[in-house]
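Trainee: For reference, the chains in residue letters:
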Amino acid sequence: MRNLVSLIAGTLFGFGLALAQMTNPTKIINFLDVTGTWDPSLAFVMGGALLVSLVSFRFILRRPRPAFEQRFHLPTRRDIDSRLVVGAVLFGIGWGLGGFCPGPGIAALASGHWQPAVFMVGLVGGVLAFQRQEQAPA
Amino acid sequence: MTIVNFTPGSGLAGGLFIGVSAALLLSLNGRLAGISGILGSAMSGLNRDTLWRWLFLAGLLLGATVEFWVAPGVRTFNSASSWPTLLLAGLLVGYGTRLGNGCTSGHGICGLARLSARSTVAVVTFMLSGAVTTFIVRHIVGGGA
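Line by line, the protein sequences give chains A and B.
Going by my numbering, 1 is the number at position 1 of the first sequence; the sequence numbering is gapless.
Going by my numbering, 79 is the number at position 79 of the second sequence; the sequence numbering is gapless.
For the record, the hints were derived by calculation from the structure and aren't laboratory data.
We put the beta carbon where it would ideally sit given N, CA and C, even for glycine.
Do not take every clue at face value.
Restraint ranges, calculated between C-beta atoms of paired labels, are given here [what the hints assert, rightly or not]:
1) B:Thr120 - A:Val124: 26 to 34 Å
2) B:Thr120 - A:Thr35: 19 to 27 Å
3) B:Leu115 - A:Val124: 31 to 39 Å
4) A:Arg58 - B:Gly45: 34 to 42 Å
5) A:Ala67 - B:Thr120: 37 to 45 Å
6) B:Thr120 - A:Arg62: 35 to 43 Å
To list a few chain B residues with every Cβ distance to chain A over 10 Å, as calculated [claimed, not checked]:
7) Asn47
8) Leu57
9) Ala131
Based on the sequences and whatever the hints tell you, model everything.
Mentor: If you want it as C-alpha cells, here you go:
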C-alpha cells in the first residue's frame, strides 16, 4: 500500500511543480533576483504548499502512527550546526546558478530540454561525492 | 526592481498540490516529502526499502509529464545557463542538500510545517545564498544566468 501511496504522492507533487512552472529555472532565478527582474511566484508556491502542510501536519503528527507504517520517520536532530549552515549555503549557490533544486530538476526532465538532464548529472555526482567523503576515514 | 511574469494563481494552485502530496505521504506513509532525502536514500540501490522512494520519484516525472500534456500552453522553459554552469550547479545542490540534510521541499515545506528551528535556519540561509549568488551573477558579473 505504501508503494501506491508514494506513486500517487509523487505524481501530485510533480503535477504541482509543473503547474506552478517551478520546472522553469528562469522563474526561480527571477525570484532570487530581488533587485532586478523579480518574479514573486515562488513565494506563492511555497505559501500554497505551507497553507496545506502547516495545518495538516499539526493534526497528522498528533496521531500515534501513520496509516500504512508502524511509525513516523522524522528527523531527530535539533541542533543548528555548521553542516546545516554550510550545506544550505552551498545549496543556495547551486540553486541560484542553475535555477533548479532536486524536485524541479527531476520533474523538468519531462520537459524534454537538456538543461535539467545536465543539472541532474551534476546533482548525482554531488550526492556521490558527499557519500564518498562520509565513508572516508577521518 | 521590476516585477516580471508574476503567476500567483497557478503558483498557489501548484503549491496546494505539493502541500497535499506532503500531507498524504506523512499521514499514510509516515514520511517527509523531502526530495533531496528521498533521492539520496534511493541512490543506495533498488530494493524493498528503497522501492517506495523510486516510485515517488517516478511519480514526480509522471505528474509533470501529465501536466505538460494537459496544459501545453503553460509549458514555458527558459535557461540561459551554460552546461558547465549547470553541472556545477548540480554538484553544489547535490552535495549541499546532503550536507544540510534538506532542500526547498524537505526544509521549506516539511520542516517549516513542523516549526523546526533547523529548517527555519536552513531556509533563510539558502534563500539568502541564492539571492546573493543571483545578484553577483546578474548584476556584477553580468550577462549570466
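Trainee: Each hint needs a verdict: does it hold in this structure or not?
Mentor: Tested hints:
For the pair Thr120 of chain B and Val124 of chain A, the supplied restraint of 26 to 34 Å holds, since their beta-carbon distance comes to about 28 Å. For Thr120 of chain B paired with Thr35 of chain A, a C-beta distance near 24 Å keeps the hint of 19 to 27 Å intact. About 32 Å separates the C-beta atoms of Leu115 of chain B and Val124 of chain A, a value consistent with the hinted range of 31 to 39 Å. Between Arg58 of chain A and Gly45 of chain B the C-beta distance comes to about 35 Å, which sits within the given range of 34 to 42 Å.
Distance hint check for Ala67 of chain A and Thr120 of chain B: the Cβ-Cβ separation is about 29 Å, which falls outside the suggested range of 37 to 45 Å. Our hint of 35 to 43 Å for Thr120 of chain B and Arg62 of chain A is violated, since their Cβ atoms are close to 21 Å apart. Remark: the non-interface label on Asn47 of chain B is consistent with the geometry, its nearest Cβ contact in chain A lying 13 Å away (cut-off 10 Å). Listed as outside the interface, Leu57 of chain B is inconsistent with that label: its C-beta sits roughly 6 Å from the nearest C-beta of chain A, within the 10 Å cut-off.
Distance to chain A contradicts Ala131 of chain B as a non-interface residue, since its nearest Cβ pair spans about 5 Å, not more than 10 Å.
This entry does not satisfy hints 5, 6, 8, 9, going by the numbered hints stated previously.
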